Amino acid sequence: MPKEPVIYTLCADPKAAERAVEGLRRAGVKARDIAVISSEPFEGHKFFQRNYRTPMPWLAAFGGAVGGVSGYLLAALTQRSYPLPTGNMPIVAFWPTGVIVYEMTMLGAILTTVLTLLISAGLPNWRKQIYDREVSDGMILVGVTNLNQESRIEVNSVLKQASGGPVKEFGA
Amino acid sequence: MTRCAEVITVFALMIGASFPVIHLGRPWLAFWLFPYPSERGIWPNFRSPLLWDFFAISTYLTGSTAFLLLPIIPDWALVRDTAMGWRRKLYSVLALGWRGTPRQWHRLESAMHIMAVAIIPVAVSVHTIVSWDFAMAPVPMWHSTVFGPYFVAGAIFSGIAALIIAMAILRKVLHLEDYLTPLHFDNLGKLLLMMCLLWLYFFVAERLTVWYGNETSEMAVYWPIQRGPFAPLFWFMIGCNFLVPFIILSIKQFRTVAGTVVASSTIVVGMWIERFLIVVPPLEHKYLPFAWGTYHPRPVEIIITAGTFAAMALLYLLFVKFVPIISIWELKAGIRQATIVPIPESLLRAPDLIEAGPANSMTPAAESTSSEAI
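So the protein sequences, as listed, match chains C and L. Here the first sequence stands for residues 120 to 291, numbered as in my numbering. Here the second sequence stands for residues 4 to 377, numbered as in my numbering.
Be a bit skeptical, because a hint or two may be false.
[Claimed, not checked] With a straight-line cut-off of 30 Å between C-alpha atoms, the simulated DSBU-like cross-links for lysine-lysine are: (1) L:335 with L:175; (2) C:247 with L:335; (3) L:335 with C:165; (4) L:175 with L:289; (5) C:134 with C:287; (6) C:247 with L:175; (7) L:193 with L:335; (8) C:149 with C:287; (9) C:165 with C:279; (10) L:335 with C:134; (11) L:335 with C:279; (12) L:255 with L:193; (13) C:279 with C:134; (14) L:324 with L:92; (15) C:287 with C:247; (16) C:287 with C:165; (17) L:335 with C:287; (18) C:247 with C:134; (19) L:335 with L:324; (20) C:247 with C:149; (21) C:165 with C:149; (22) C:247 with L:255; (23) L:92 with L:335; (24) C:287 with L:92.
[To be verified] Beyond 10 Å from chain L on every Cβ pair, some chain C residues (computed): (25) 156; (26) 159; (27) 187; (28) 226; (29) 279.
Please keep in mind that the hints were generated in silico from the structure rather than gathered at the bench. A quick note: this is a predicted structure, and the numbers were derived from the prediction, not measured. Think of the CB as a built atom: it goes at the ideal place given N, C-alpha and C, for glycine as much as any other residue.
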């Protein structure tokens, strides 16, 4: 059985989506089995407030550190491998190497952030997943994954009552 | 607005980054300069500001492109859902399978916060390092400690001016009057006025210190700019960069869409002349008199310069053709928040409208404006 929402409804506003999610929780549906999809972020709404802590800032800092070290190694090893005449000045000078380290630090942080975003958000993913085009029109999709046949009627009722619209089945 | 500005940044950088290759004269032999292991024995010289440029511009281009493209993903998903035929396939690929789950939104917003913080020091560094291309060179009037902040201020100054022009054109051509309101132009006009004064401050600081130093070789560059063969350009630049914009932008009634566009146009022209005056006169009078000469632009240079403007216009138009130039999801979120948090009426309208009388009901224009205010 695919771990995808099987049935869902489309809510016209965040309050309806909130009612749907609350109703599903009361009906005993686990939080991880409730799917919410929207065309905009709904900050400040309970159905949007699941615990999505991310180590992204730390990973960005780590990426920056790796970038900085790479920058230093690139500059220092290159300069030592091919020492230019510097008139008794240091081969690996502080300021020019510092510029490279700085830029590579920022580049490392930026690339790590982008990579972390893509991986943690599951992108790219072109496989068929639960979705409804009406989400783009502003509707909020609330659905349930791993649906037990026993609870199907209750879930159906909750979704229908909350949204006031039909309950759809994905892939049907 | 962010997207309008980021597009300018990315395309300007792309065009700028191509110029070292164009300047070679024989661009098809550019690979001769690449420091790969070969019999030419070329290694990167890390003491050269040109190499710093390479790293700075690469980082800035990467960061700006990511900062531009990441928030477009949800918009591409929106377009995917409404497009038909090959366009649907194209936007399906570009949207990367975005659906809009809370996890995806949280991740996107976290990434955008980090990128927004990271891109500012990178922007400052790239403009500073471009200025160091000049300041590190032993050329009269280039070897200046103020060049770093002077160039950063100049980049912000001309960037805001270019943004205002782009916004005005988009507003007119794409009928975005409800989204790009007079208030946006008024606020950008105030920012431009501040940058105008900041530019003047750095300009005076740079000119005054050189004049006070009265060093012979620098005076050989200084006076031809101010009262010699370059004087018409110099005073025209002062007019374009300070006098005209200052008068227009400091008078509230002139800070309209048309007024800010006029001021911005003069600034863009003035800033181009400023760079011309930084580059050309010092090279005509370097420290060694045998290197002195007179510069006249040749037809090829004029065509290449015109080509950069054409390339910028083409790339911008193509972008606007295929990508929503205003972030749809951010606008929607802004409108929704504006209905939750009441915004003072005075913030929703342009100053001229406030004087005209009370506002009507919450129009889309007002709603979009209030989202900006938030």
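For each hint, the structure was consulted:
1. With a C-alpha separation of about 22 Å, the suggested pairing of residue 335 of chain L with residue 175 of chain L holds against the 30 Å cut-off.
2. A distance of roughly 26 Å separates the Cα atoms of residue 247 of chain C and residue 335 of chain L; the hinted pair therefore holds under the 30 Å criterion.
3. Distance check on the hinted pair: residue 335 of chain L and residue 165 of chain C sit about 19 Å apart at the alpha-carbon level, within 30 Å; holds.
4. For the hint pairing residue 175 of chain L with residue 289 of chain L, the CA-to-CA distance comes to about 47 Å; that exceeds 30 Å, so the pair is violated.
5. The hinted pair formed by residue 134 of chain C and residue 287 of chain C meets the criterion: a straight-line CA distance of about 20 Å does not exceed 30 Å.
6. Distance restraint check for residue 247 of chain C and residue 175 of chain L: the Cα-Cα separation of roughly 40 Å exceeds the 30 Å cut-off, and the hinted pair is therefore not satisfied.
7. Proposed proximity of residue 193 of chain L and residue 335 of chain L is supported: the alpha carbons are some 26 Å apart, at most 30 Å.
8. Annotation: proposed proximity of residue 149 of chain C to residue 287 of chain C holds, straight-line Cα distance about 20 Å (limit 30 Å).
9. Simply put, residue 165 of chain C and residue 279 of chain C have alpha-carbon atoms about 19 Å apart, close enough for the 30 Å limit, and the pair holds.
10. For the suggested pair residue 335 of chain L and residue 134 of chain C, the alpha carbons sit about 16 Å apart, so the restraint of at most 30 Å is met.
11. The straight-line distance between the Cα atoms of residue 335 of chain L and residue 279 of chain C is roughly 26 Å, inside the 30 Å bound, and the hint therefore holds.
12. Of the supplied pair hints, the one linking residue 255 of chain L and residue 193 of chain L holds, its CA atoms being roughly 9 Å apart against a limit of 30 Å.
13. Restraint check for residue 279 of chain C and residue 134 of chain C: satisfied, since their Cα atoms lie roughly 14 Å apart, inside the 30 Å limit.
14. Pair hint residue 324 of chain L plus residue 92 of chain L holds up; C-alpha atoms about 17 Å apart against a cutoff of 30 Å.
15. A threshold of 30 Å between alpha carbons decides the hint, and for residue 287 of chain C with residue 247 of chain C the separation of about 16 Å falls inside it, so the pair holds.
16. Pair hint residue 287 of chain C plus residue 165 of chain C holds up; C-alpha atoms about 23 Å apart against a cutoff of 30 Å.
17. Only pairs whose Cα atoms come within 30 Å are accepted, and residue 335 of chain L paired with residue 287 of chain C is accepted, the gap being roughly 26 Å.
18. Restraint check: the Cα-Cα separation between residue 247 of chain C and residue 134 of chain C comes to about 28 Å, which is no more than 30 Å; the hinted pair holds.
19. In summary, the hint linking residue 335 of chain L to residue 324 of chain L is supported, as the alpha carbons are separated by about 21 Å, within the 30 Å threshold.
20. Between residue 247 of chain C and residue 149 of chain C, the direct Cα distance comes to roughly 23 Å. Compliance with the 30 Å bound is thereby established for this hinted pair.
21. A hinted pair counts as satisfied when its Cα atoms are at most 30 Å apart, and residue 165 of chain C with residue 149 of chain C qualifies at roughly 15 Å.
22. Between residue 247 of chain C and residue 255 of chain L the alpha-carbon distance is near 55 Å, which puts this suggested pair outside the 30 Å criterion.
23. At roughly 25 Å between alpha-carbon atoms, residue 92 of chain L and residue 335 of chain L fall within 30 Å of each other, so this suggested pair holds.
24. With a CA separation close to 25 Å, the supplied pair residue 287 of chain C and residue 92 of chain L stays within the 30 Å bound.
25. The Cβ of residue 156 of chain C does not lie farther than 10 Å from every Cβ of chain L; its closest approach is about 5 Å, which violates its non-interface assignment.
26. Under the 10 Å C-beta cut-off, the non-interface status given to residue 159 of chain C relative to chain L is violated; the minimum distance is some 5 Å.
27. Non-interface status of residue 187 of chain C relative to chain L is upheld: no Cβ of that chain comes within 10 Å, the nearest being about 12 Å off.
28. With a least CB separation of 4 Å from chain L, residue 226 of chain C falls inside the 10 Å interface cut-off, contrary to its annotation.
29. With a least CB separation of 22 Å from chain L, residue 279 of chain C remains clear of the 10 Å interface cut-off, as annotated.
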